[in-house]
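> As a plain string of letters, each chain reads:
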Amino acid sequence: MSETAIKPRIEKIPLKEQLAQKLPVLLVPVLAAVGLIAIGNPASWLTLTVAGLAMGMMIFIMASGLTVVFGLMDVINFGHGAFVAVGAFVGFTVLAWLAGWTASPSVFMNLTAVLVAILAAMLVTGLLGLAFERVIVMPVYGEHLKQILVTMGGLIVAQQMIYVVWGPDELHMSRPEALQGSLVIGEAAIEKYRLVAVGIGLALFLGMRHILKNTKIGLLVRAGVENGEMVEALGYRVRRLFLIVFMTGSALAGLGGVMWGLYQETITAHMGSEIMVLVFIVVIIGGLGSVEGCFIGAMLVGLLANYTAFLAPKVALISTIALMVAVLMWRPQGLYPVVKAK
Amino acid sequence: MAENLLTLSGVHTHIGPYHILQGVDLAVPEGGVTVLLGRNGAGKTTTLRTIMGLWTASQGGIRFGDHVITKLSTPEISRRGIALVPEDMGIFTDLTVAENMILAAANGPMDPKRLAWIKELFPPIGNFWNSSAGTLSGGQKQMLSVARAIIEPRRLILIDEPTKGLAPAIIKAMTDALKELKETDTTILLVEQNFAMASSIGDTVAVMDDGRIIHSGRMDELVADVALQEKLMGLSLEAHQ
Ligand SMILES: Nc1ncnc2c1ncn2[C@@H]1O[C@H](COP(=O)(O)OP(=O)(O)OP(=O)(O)O)[C@@H](O)[C@H]1O
Ligand SMILES: [Mg+2]
Numbered sequence: 016m017s018e019t020a021i022k023p024r025i026e027k028i029p030l031k032e033q034l035a036q037k038l039p040v041l042l043v044p045v046l047a048a049v050g051l052i053a054i055g056n057p058a059s060w061l062t063l064t065v066a067g068l069a070m071g072m073m074i075f076i077m078a079s080g081l082t083v084v085f086g087l088m089d090v091i092n093f094g095h096g097a098f099v100a101v102g103a104f105v106g107f108t109v110l111a112w113l114a115g116w117t118a119s120p121s122v123f124m125n126l127t128a129v130l131v132a133i134l135a136a137m138l139v140t141g142l143l144g145l146a147f148e149r150v151i152v153m154p155v156y157g158e159h160l161k162q163i164l165v166t167m168g169g170l171i172v173a174q175q176m177i178y179v180v181w182g183p184d185e186l187h188m189s190r191p192e193a194l195q196g197s198l199v200i201g202e203a204a205i206e207k208y209r210l211v212a213v214g215i216g217l218a219l220f221l222g223m224r225h226i227l228k229n230t231k232i233g234l235l236v237r238a239g240v241e242n243g244e245m246v247e248a249l250g251y252r253v254r255r256l257f258l259i260v261f262m263t264g265s266a267l268a269g270l271g272g273v274m275w276g277l278y279q280e281t282i283t284a285h286m287g288s289e290i291m292v293l294v295f296i297v298v299i300i301g302g303l304g305s306v307e308g309c310f311i312g313a314m315l316v317g318l319l320a321n322y323t324a325f326l327a328p329k330v331a332l333i334s335t336i337a338l339m340v341a342v343l344m345w346r347p348q349g350l351y352p353v354v355k356a357k
Numbered sequence: 108m109a110e111n112l113l114t115l116s117g118v119h120t121h122i123g124p125y126h127i128l129q130g131v132d133l134a135v136p137e138g139g140v141t142v143l144l145g146r147n148g149a150g151k152t153t154t155l156r157t158i159m160g161l162w163t164a165s166q167g168g169i170r171f172g173d174h175v176i177t178k179l180s181t182p183e184i185s186r187r188g189i190a191l192v193p194e195d196m197g198i199f200t201d202l203t204v205a206e207n208m209i210l211a212a213a214n215g216p217m218d219p220k221r222l223a224w225i226k227e228l229f230p231p232i233g234n235f236w237n238s239s240a241g242t243l244s245g246g247q248k249q250m251l252s253v254a255r256a257i258i259e260p261r262r263l264i265l266i267d268e269p270t271k272g273l274a275p276a277i278i279k280a281m282t283d284a285l286k287e288l289k290e291t292d293t294t295i296l297l298v299e300q301n302f303a304m305a306s307s308i309g310d311t312v313a314v315m316d317d318g319r320i321i322h323s324g325r326m327d328e329l330v331a332d333v334a335l336q337e338k339l340m341g342l343s344l345e346a347h348q
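Going line by line, the protein sequences match chains Z and Y. Position 302, counted from 1, in the first sequence is what this note's numbering calls 317; the numbers after and before it change by one each time, with no gaps. Position 206, counted from 1, in the second sequence is what this note's numbering calls 313; the numbers after and before it change by one each time, with no gaps.
Simulated from the structure, these hints should not be mistaken for lab results. Accuracy of the hints is not assured; some may be wrong.
Derived CB-CB ranges, DEER-like [what the hints assert, rightly or not]:
{"no.": "1", "chain 1": "Y", "residue 1": "N111", "chain 2": "Z", "residue 2": "A35", "range": "49 to 57 Å"}
{"no.": "2", "chain 1": "Z", "residue 1": "G168", "chain 2": "Y", "residue 2": "R221", "range": "46 to 54 Å"}
{"no.": "3", "chain 1": "Y", "residue 1": "G130", "chain 2": "Z", "residue 2": "H225", "range": "48 to 56 Å"}
{"no.": "4", "chain 1": "Y", "residue 1": "W236", "chain 2": "Z", "residue 2": "A337", "range": "53 to 61 Å"}
{"no.": "5", "chain 1": "Y", "residue 1": "N111", "chain 2": "Z", "residue 2": "L34", "range": "51 to 59 Å"}
{"no.": "6", "chain 1": "Y", "residue 1": "N111", "chain 2": "Z", "residue 2": "Q36", "range": "31 to 39 Å"}
{"no.": "7", "chain 1": "Z", "residue 1": "H225", "chain 2": "Y", "residue 2": "P275", "range": "20 to 28 Å"}
{"no.": "8", "chain 1": "Z", "residue 1": "Q36", "chain 2": "Y", "residue 2": "G148", "range": "38 to 46 Å"}
{"no.": "9", "chain 1": "Z", "residue 1": "Q36", "chain 2": "Y", "residue 2": "V333", "range": "51 to 59 Å"}
{"no.": "10", "chain 1": "Z", "residue 1": "L145", "chain 2": "Y", "residue 2": "G148", "range": "39 to 47 Å"}
{"no.": "11", "chain 1": "Z", "residue 1": "L138", "chain 2": "Y", "residue 2": "E183", "range": "27 to 35 Å"}
Calculated lysine-lysine pairs in the DSS-like style (CA-CA distance at most 30 Å, straight line) [said to hold, decoys possible]:
{"no.": "12", "chain 1": "Z", "residue 1": "K231", "chain 2": "Y", "residue 2": "K226"}
{"no.": "13", "chain 1": "Y", "residue 1": "K338", "chain 2": "Z", "residue 2": "K355"}
{"no.": "14", "chain 1": "Y", "residue 1": "K178", "chain 2": "Y", "residue 2": "K226"}
{"no.": "15", "chain 1": "Z", "residue 1": "K228", "chain 2": "Z", "residue 2": "K355"}
{"no.": "16", "chain 1": "Y", "residue 1": "K226", "chain 2": "Z", "residue 2": "K228"}
{"no.": "17", "chain 1": "Z", "residue 1": "K355", "chain 2": "Y", "residue 2": "K220"}
{"no.": "18", "chain 1": "Z", "residue 1": "K231", "chain 2": "Y", "residue 2": "K279"}
{"no.": "19", "chain 1": "Y", "residue 1": "K220", "chain 2": "Y", "residue 2": "K178"}
{"no.": "20", "chain 1": "Z", "residue 1": "K355", "chain 2": "Z", "residue 2": "K207"}
{"no.": "21", "chain 1": "Z", "residue 1": "K231", "chain 2": "Y", "residue 2": "K220"}
{"no.": "22", "chain 1": "Y", "residue 1": "K226", "chain 2": "Z", "residue 2": "K355"}
{"no.": "23", "chain 1": "Z", "residue 1": "K355", "chain 2": "Z", "residue 2": "K161"}
{"no.": "24", "chain 1": "Y", "residue 1": "K220", "chain 2": "Z", "residue 2": "K228"}
{"no.": "25", "chain 1": "Z", "residue 1": "K161", "chain 2": "Y", "residue 2": "K220"}
{"no.": "26", "chain 1": "Y", "residue 1": "K279", "chain 2": "Y", "residue 2": "K338"}
Even for Gly, the Cβ is constructed at its ideal location relative to N, Cα and C.
The whole structure should be built from the sequences, with the hints applied where relevant.
Here's what the structure looks like:
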């Protein structure tokens, strides 16, 4: 075969395309630099940047499941916010049970309490995801309008359930001793909890990337996002894969709920639907189905929201929507468009 | 003639409101190559997709070996030993060549001997092993698609127009590879428009038109019977104009 003599051409990806791959990543430092210039004071800038990254990480945790669910099965889940709220309330209850541990001066006991709360929340929301997928989503595969209506219905039911179990009032969710207060670096005060949130978010992102790139189930998810039929023709049950992804995404939303609750320190039954506005913006900016795009989108939204809240509080929410519009004008499919076979 | 490995009897397939297959009767003898010919839009791809369970037959039955597979899901059909090389090749372009192959070996790690054989059949598979499959040329993608279908031993391989849009040199390489595959006792159902290629490799032939099989028999008989060829191929020529 004559063409086999040709050397692998993989290095020859045109410079322009390589740049196009990297460009979205560069947006984050660029935005941070613009923020520094606009804010002027490095100490305030550092505080806001850490706050923005922390917020971005939490949004990423909540959004990552949603974007893969869409990529894999074209399912639009407007009920995703329910998992956020339920996760927060379960976390609240567990932390209340463990009040002895959260009030203890031992950092270890504090963090263990948070960990137990997170695991409980993820377990409950993961199982809730299982029920949600089987009962609500499965009957409406492939029908977008019905999906929107039915998943919104699921969200309302979940909110009412929260009223029944935890009552209609907003609850105060306090951070354990070790996560209260700030670290002072130079003139900048950085809340400890935000650093923890950045750490958890980053670890999760790297873990997710590792799974998607290096495990068979990760390969199946990526292949399934591109061409689910072909994955089935190779002998894999895409529906079962999807169920696993859906449950994982729900559990991650639960994790995000606990973290968001501890961040805001108040939780309400409709906190999920409020945060979902930002989550959807992030998923759209990133490119529906792309985990990396979702991560970058979340960082951008987190930073921009915090910078504008400081510089011009009145336009804070509008600024993230403006960001989405700008990104879509530049790349109509989002930062990292996902290849689709059909 | 050998036993039939696959038999379609009176298969009807609807896609949405359209009635595409209108009673397909097709027998694929074990161990040889059956070629499915027919003009564009005759229903060849739909036939392969229906066998694979990607469309479900609304009427009629599909028997594979001793079992009826008409209502089975695609993964179940695949696990019984049928592989599909789809018309669009179905390459996962976001994955590397290696990753495409790893997924194709659904029953566990790849057999190194088989992989070595495949790399001999299709040298680009080895040469581009760690490259993104999206960067492959059309011919190389086609090779990867066939390679995926044979990385594990299969009883039946459905191949949809493997020479479509390829240069003559690559068509020859693909034909040689399919001939070698044939020697391994794999049964092949091949959709092919290139009659020269089809007749060089086929043992039996079926011709489709308008969602039905309008002729079936031995390939050598069709090759010898110029009048019949003209009648059947003329039909497909007309349709091309
Ligand atoms: N997804 C679909 N929706 C509607 N009609 C379809 C679909 N797929 C195929 N058809 C129709 O079914 C008929 C048969 O199509 P099919 O792809 O099976 O033909 P084919 O013999 O493979 O043709 P070709 O040689 O062009 O590949 C055509 O009329 C086509 O328009
Ligand atoms: Mg076709």
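> Each hint: holds or not?
Each hint tested on the structure:
1. Y/N111 to Z/A35: 49 to 57 Å: 53 Å, holds
2. Z/G168 to Y/R221: 46 to 54 Å: 51 Å, holds
3. Y/G130 to Z/H225: 48 to 56 Å: 52 Å, holds
4. Y/W236 to Z/A337: 53 to 61 Å: 45 Å, violated
5. Y/N111 to Z/L34: 51 to 59 Å: 57 Å, holds
6. Y/N111 to Z/Q36: 31 to 39 Å: 51 Å, violated
7. Z/H225 to Y/P275: 20 to 28 Å: Given a distance of about 45 Å, which is not inside 20 to 28 Å, the answer is violated.
8. Z/Q36 to Y/G148: 38 to 46 Å: 39 Å, holds
9. Z/Q36 to Y/V333: 51 to 59 Å: 56 Å, holds
10. Z/L145 to Y/G148: 39 to 47 Å: 43 Å, holds
11. Z/L138 to Y/E183: 27 to 35 Å: The hint (27 to 35 Å, Cβ to Cβ) holds, given that Z/L138 and Y/E183 are roughly 32 Å apart.
12. Z/K231 to Y/K226: OK: Z/K231 and Y/K226 at ~22 Å, within 30 Å.
13. Y/K338 to Z/K355: Violated: Y/K338 and Z/K355 sit about 41 Å apart, past 30 Å.
14. Y/K178 to Y/K226: 36 Å, violated
15. Z/K228 to Z/K355: Given that 30 Å is the threshold and the Cα spacing comes to 18 Å, the pair holds.
16. Y/K226 to Z/K228: Holds - the C-alpha atoms of Z/K228 and Y/K226 are around 24 Å apart, at most 30 Å.
17. Z/K355 to Y/K220: Not OK: Z/K355 and Y/K220 at ~33 Å, beyond 30 Å, violated.
18. Z/K231 to Y/K279: 34 Å, violated
19. Y/K220 to Y/K178: 35 Å, violated
20. Z/K355 to Z/K207: Given pair Z/K355, Z/K207 is violated - Cα atoms ~42 Å apart, limit 30 Å.
21. Z/K231 to Y/K220: 22 Å, holds
22. Y/K226 to Z/K355: Cα-Cα ~28 Å, so holds.
23. Z/K355 to Z/K161: At roughly 22 Å apart (the allowed maximum being 30 Å), Z/K161 and Z/K355 satisfy the hint.
24. Y/K220 to Z/K228: Holds, because 26 Å separates the two Cα atoms, which is no more than 30 Å.
25. Z/K161 to Y/K220: 50 Å, violated
26. Y/K279 to Y/K338: 27 Å, holds
Hint compliance for this structure: hints 4, 6, 7, 13, 14, 17, 18, 19, 20, 25 are not met, and every other hint is.
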